[in-house]
Each structure stands twice: as structure tokens, then as C-alpha cells.
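Participant: For reference, the chains in residue letters:
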Amino acid sequence: GAVVSQHPSWVICKSGTSVKIECRSLDFQATTMFWYRQFPKQSLMLMATSNEGSKATYEQGVEKDKFLINHASLTLSTLTVTSAHPEDSSFYICSVRTGGNQPQHFGDGTRLSIL
Amino acid sequence: GDSVTQMEGPVTLSEEAFLTINCTYTATGYPSLFWYVQYPGEGLQLLLKATKADDKGSNKGFEATYRKETTSFHLEKGSVQVSDSAVYFCALTPDSGNTPLVFGKGTRLSVIA
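Heads up: the protein sequence lines correspond to chains A and B, in order.
All the letters of the first sequence, read from the start, carry residue numbers 23 to 137 under the working numbering.
All the letters of the second sequence, read from the start, carry residue numbers 10 to 122 under the working numbering.
Just to be clear, a hint being listed does not mean it is correct.
Here are the computed lysine-lysine pairs in the DSSO-like style, where the Cα-Cα straight-line distance is at most 30 Å [claimed, not checked]:
1) Lys-69(B) <-> Lys-114(B)
2) Lys-63(A) <-> Lys-88(A)
3) Lys-42(A) <-> Lys-86(A)
4) Lys-77(A) <-> Lys-65(B)
5) Lys-42(A) <-> Lys-114(B)
6) Lys-63(A) <-> Lys-69(B)
7) Lys-65(B) <-> Lys-88(A)
8) Lys-77(A) <-> Lys-88(A)
9) Lys-114(B) <-> Lys-63(A)
10) Lys-65(B) <-> Lys-63(A)
11) Lys-69(B) <-> Lys-86(A)
These are computed hints drawn from the structure, not numbers from a lab.
Can you build the whole structure from these sequences, using the hints too?
Facilitator: As C-alpha cells, then:
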């Protein structure tokens with residue numbers, strides 16, 4: 023069954039709207055979650071590492087005021103795209119790694135379309 | 010730093026053809042290696058994994074062997090189907106902690122009937 027649940031799967035909204043994406047770890051407590059962005063026909067781009075109870079760590083070039091990450095519990099991380107514009111349209115995917123030699127588990131992704 | 014290099018696509022094959030997608034890596038230590046598959050419009054799914062040298066991961070007819078001497082983890086399937094059309098990502102664990110996997114750029118496979 024699914025290990026990571028991501029919601030919503032598809033969002034269409036007007037420019038200037040803020041959009042929140044939820045990522046839930048279903049089977050284990052995740053102190054760390056990862057947020058990725060994927061443009062069409064391209065690989066995953068790591069945006070940030072979400073840390074439970076502390077500030078997220080953002081990759082170079084990712085605006086932390088634009089992409090707000092909250093990891094308030096061991097099972098939930100949220101990504102809020104603030105004042106979204108058409109250039110923010112993309113596929114956003116969250117992921118959890120349980121550590122050691124275990125693989126990362128991915129949510130099904132959220133397709134965000136800003137009109 | 011650690012890195013993964015995989016063959017560029019797209020790869021187009023006829024149904025029942027043999028598939029090889031090359032993947033090589035550079036890493037310090039002894040990483041675990043993974044292949045993920047992404048079907049259109051979906052997230053990534055783990056396809057197979059290998060955690061040490063000479064291990065062979067296999068799933069759904071796909072196989073990959075962890076070759077430490079050539080730092081490779083090539084993905085193979087003897088007879089592809091149209092339903093195998095997807096993007097395939099090779100990845101490694103950089104360490105045993107909580108840092109994210111290092112991914113290759115992905116290889117798009119199209120299988121035609």
C-alpha cells in the first residue's frame with residue numbers, strides 16, 4: 023500500500039492565489055521529508071528538505087518566502103506556494119526517506135496549474 | 010560529490026525487444042542503488058534495489074546487478090511491453106542518514122506495438 027500520501031493531486035487556480043500541498047507519511051514517523059519540483063520531460067529538482075520541528079533547508083535558488091514549508095508533526099509536511107504565478111506551474115512531489123539503506127518513498131505528486 | 014549518470018533517452022523499442030538502460034555512479038563509501046519508474050502523470054515508484062556489491066535486484070521482469078568494479082547498475086528486461094513505457098531513474102543513497110537520494114536525469118522509454 024501507499025507509504026506517502028500527497029494531496030491534492032491537481033490544482034488549477036488564478037494568479038496571485040496561495041496554494042497548500044500536503045504530504046503525509048502513513049506508516050512511519052518521518053523527521054525528514056523532501057520536496058521536489060519537476061518540469062515536463064525533466065528530472066526531479068530538489069527544492070527543500072523539511073525537518074520536523076525546525077526550519078526547512080532550501081536548495082540554492084529556491085525562494086523560501088515563495089515556497090513555505092511547515093513540518094509540524096512527524097507525519098505531515100506542507101508546502102505552500104504563496105502568491106502563485108504562471109511560472110510556478112509545475113509538478114510537485116514529496117518524498118520520505120526512512121534512513122539506512124532504505125529507499126525513498128514518493129507521493130503521487132501534485133500538478134499545479136496557475137492561470 | 011556523489012553522482013549518477015544514466016543514458017540519455019528517449020529510447021524507443023518495439024514490443025518484446027530487449028531493454029538495457031545504462032547507469033553508472035560515483036560515490037564514496039558503499040551506497041545502495043535503486044531504480045525508480047515514473048509513469049505519465051504519477052510520482053516515482055521503486056522498481057528494484059541492491060544494497061551491496063554483486064546483489065541483483067529484480068521486479069516485474071526487470072533486473073539490475075550492482076557492479077562495484079565497474080561502478081554500474083544497468084537496468085535490463087528481456088521482453089518489454091507497451092505498459093513499460095515510462096521514465097526510469099537510477100539513484101543511490103549518499104549515506105546512511107537522512108540526506109536525499111542522488112538521482113540520474115532519467116531515461117524515457119517508449120515501447121510501440
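Participant: Please go over all the hints and tell whether each is borne out by the structure.
Facilitator: Here's how the hints hold up against the structure:
A hinted pair counts as satisfied when its Cα atoms are at most 30 Å apart, and Lys-69(B) with Lys-114(B) qualifies at roughly 22 Å. With a C-alpha separation of about 24 Å, the suggested pair Lys-63(A) and Lys-88(A) falls inside the 30 Å cut-off, and the hint holds. Taking the CA atoms of Lys-42(A) and Lys-86(A), the gap is near 14 Å; set against the 30 Å cutoff, the hint holds. A threshold of 30 Å between alpha carbons decides the hint, and for Lys-77(A) with Lys-65(B) the separation of about 39 Å lies outside it, so the pair is violated.
About 27 Å separates the Cα atoms of Lys-42(A) and Lys-114(B), which keeps this hinted pair within 30 Å; it holds. Of the supplied pair hints, the one linking Lys-63(A) and Lys-69(B) holds, its CA atoms being roughly 24 Å apart against a limit of 30 Å. With a CA separation close to 43 Å, the supplied pair Lys-65(B) and Lys-88(A) exceeds the 30 Å bound. At roughly 14 Å between alpha-carbon atoms, Lys-77(A) and Lys-88(A) fall within 30 Å of each other, so this suggested pair holds.
For the proposed pair Lys-114(B) and Lys-63(A), the alpha carbon gap of about 10 Å is at most 30 Å, so the pair holds. Of the pairs offered as hints, the one joining Lys-65(B) and Lys-63(A) holds, with about 29 Å between alpha carbons and a cut-off of 30 Å not exceeded. A threshold of 30 Å between alpha carbons decides the hint, and for Lys-69(B) with Lys-86(A) the separation of about 40 Å lies outside it, so the pair is violated.
Checked against the numbered hints above, the structure violates hints 4, 7, 11; every other hint is satisfied.
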